[in-house]
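*Asks:* Modelling step: build the complete structure from the supplied sequences, incorporating the hints.
Residue strings, one per chain:
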Amino acid sequence: MIIVVGAGPAGLAAAKSAASKGCHVTVIDSQARGGGQYWRHQTEVYGYKSNRSADYLNELQQNKLITHITGAQVWSAEKLGDGYQLNYLQGGVEKKISAQKIILTTGAYDRTLPFPGWTTSGVMTPGGAQSLLKGHGVVAGKTIVVSGTGPFLLPVATALATNGARVEIIEAQSPLRWALSPLALLLNPGKFPELIHYASAILRLKIKVSFGSAVTGYNDGEVDISKVRSNLSIRKKNVRSAPADVVATGWGFLPDVTLGGILGCAQTLDRDETVIFAVDREQRANVQNIWIAGEATGIGGADLALVEGAIAGLSAAGSKISVALIWKRFTKRLFARALQRSYPVGAGWQEWLADETVICRCEEVSCQEIIESVQELGAEDARTSKLFTRAGMGLCQGRVCSRNVSDIVAGTTKCAVSRNERLAASNRPIAAPISLGVLGDGIAG
Amino acid sequence: MSNDISFFFNGEKFTGTKGQSIAAALIANGQRELRRTRFGEEPRSIFCGIGICFDCVVTIDGVANQRACLIEISSDMKVESSL
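Protein chains in written order, with this note's numbering: chain A, 1 to 445; chain B, 446 to 528.
Careful: at least some of the hints might be erroneous.
[Stated by the list, open to error] Each computed SDA-like pair below joins lysine to any residue, with the alpha-carbon atoms no more than 20 Å apart:
hint	chain 1	residue 1	chain 2	residue 2
1	B	463	A	71
2	A	95	B	516
3	A	237	A	222
4	A	142	A	162
5	B	463	A	91
6	A	142	B	474
7	A	79	A	98
8	B	463	A	33
9	B	463	A	70
10	B	463	A	32
11	A	191	A	174
12	A	237	A	217
No wet-lab data here; the hints were simulated from the structure.
*Replies:* What follows is the structure in structure tokens.
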């Protein structure tokens with residue numbers, strides 16, 4: 001049997017391809033329904049070509065070789081004989097499952113950058129606004145500013161506007177940056193109809209779009225909008241303000257690398273210094289019988305995740321990988337690189353901060369406290385700063401702030417963040433909190 | 446069959462739709478603040494919306510630190526702001 005962790009595009013593609021070769025597959029996922037964060041589906045689906053999810057979701061429900069465990073939060077993993085055991089929580093009860101082979105498709109979550117007012121109720125991630133809408137049928141607000149960078153702002157903004165919100169998009173980068181990646185565009189012609197789909201939706205829904213700008217403050221129901229350079233430093237501060245009861249702000253994505261980290265899979269830095277897993281041609285990790293696919297091996301969106309998932313599934317089933325699939329992955333990865341080039345997240349955002357701006361939301365650590373830990377207490381890296389300030393030591397285990405804390409410390413010491421610091425900051429001993437009571441009750445079979 | 450589900454938030458009765466998370470049902474009712482922070486006593490709501498950030502933690506039927514964005518409402522569930 002093969003266990004696939006995560007029921008997003010990569011996980012579903014992995015399950016489908018492994019089952020197509022006759023393997024028994026168990027897909028384990030934290031949500032009540034399959035589809036992951038990207039293919040959240042109620043009866044209606046929004047966004048471009050969401051219906052392509054139907055094939056995969058039908059397979060998940062109907063293929064007798066595939067078992068789907070829902071509402072299960074995998075909190076730890078360990079080696080067991082020549083296979084692996086995953087420990088998970090389901091409805092408050094601890095359970096376990098084991099298999100010889102594991103495919104990790106743990107996906108990603110929104111990367112966020114702090115700004116004065118970002119802890120106010122009403123500021124959320126684009127993924128959060130999308131999950132409220134698609135997962136729960138709730139439009140987050142009446143007047144919504146969707147800000148940050150990257151193509152994900154488009155489906156979020158258009159879905160919110162379609163459902164009656166007044167929406168404005170504030171994109172930090174210029175669309176002209178795409179001119180840096182002609183080959184990626186040429187090899188991915190399927191992206192053009194997608195672009196036209198969103199462009200026409202934006203016109204039809206009268207969504208105002210600004211480029212080269214960022215939300216650098218939020219107070220009393222109004223966002224402050226500044227002109228920013230491509231490295232996100234401020235070109236012109238507070239050029240205008242706009243009303244908003246909700247600000248959906250996101251700066252690309254960070255992969256969830258916790259589980260693979262617990263299993264000892266080698267991590268590396270992507271070109272933009274995001275921590276990802278190193279995998280070989282067949283999506284194999286450096287640990288025996290573990291495959292990793294999708295965002296956890298480099299942010300690239302659903303198209304790349306589907307191809308990587310298919311490759312991982314076939315490889316785990318012991319099948320040959322066709323050259324056509326490898327070529328397809330190459331073109332999608334080229335597009336993923338173009339995304340990094342078009343929507344870079346430089347360190348200039350530190351100029352937006354005030355002394356009292358909270359950086360670590362869990363432990364309420366301010367920008368000033370982090371800077372003081374460097375200037376007055378002598379911290380030279382984020383780890384030491386964390387010990388002084390508790391930044392990154394709260395319930396989320398630094399998932400939201402650790403990269404930003406590293407950048408602020410580096411901005412203060414004027415030293416670059418080391419590769420080891422980036423890798424170490426993503427290490428978490430457990431993948432989700434578990435109470436000692438549940439732990440003490442032992443594991444149900 | 447009605448899809449409406451009633452639950453309590455800090456003692457007040459709210460109604461949501463079956464399948465909705467606690468956070469979604471409360472936001473749909475205009476109740477955005479889910480808790481106050483420990484030190485600054487600042488109001489917090491949903492942030493990541495997908496169980497990563499733990500900003501929306503509440504106490505559910507006496508069990509603390511539960512993520513309101515992940516857990517679905519159920520009939521007569523008692524939700525309280527964590528401190």
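*Asks:* Now, for every hint given, state plainly whether the structure supports it.
*Replies:* Results for each hint:
1. Straight-line distance between C-alpha atoms of residue 463 of chain B and residue 71 of chain A comes to about 16 Å, which keeps the hinted pair within the 20 Å bound.
2. Distance check on the hinted pair: residue 95 of chain A and residue 516 of chain B sit about 19 Å apart at the alpha-carbon level, within 20 Å; holds.
3. For the hint pairing residue 237 of chain A with residue 222 of chain A, the CA-to-CA distance comes to about 15 Å; that is within 20 Å, so the pair holds.
4. The hinted pair formed by residue 142 of chain A and residue 162 of chain A meets the criterion: a straight-line CA distance of about 12 Å does not exceed 20 Å.
5. Proximity of residue 463 of chain B to residue 91 of chain A is assessed by CA-CA distance (about 17 Å); at most 20 Å being required, the pair is judged to hold.
6. Distance check on the hinted pair: residue 142 of chain A and residue 474 of chain B sit about 13 Å apart at the alpha-carbon level, within 20 Å; holds.
7. Taking the CA atoms of residue 79 of chain A and residue 98 of chain A, the gap is about 9 Å. The hint holds against a cut of 20 Å.
8. With a C-alpha separation of about 14 Å, the suggested pairing of residue 463 of chain B with residue 33 of chain A holds against the 20 Å cut-off.
9. Taken as a hint, the residue 463 of chain B and residue 70 of chain A pair is honoured in the structure, with Cα atoms around 17 Å apart against an allowance of 20 Å.
10. Simply put, residue 463 of chain B and residue 32 of chain A have alpha-carbon atoms about 13 Å apart, close enough for the 20 Å limit, and the pair holds.
11. As the CA atoms of residue 191 of chain A and residue 174 of chain A are separated by approximately 18 Å, the hinted pair is consistent with the 20 Å bound.
12. Straight-line distance between C-alpha atoms of residue 237 of chain A and residue 217 of chain A comes to about 10 Å, which keeps the hinted pair within the 20 Å bound.
Hint check: no violations occur; every hint is consistent with the structure.
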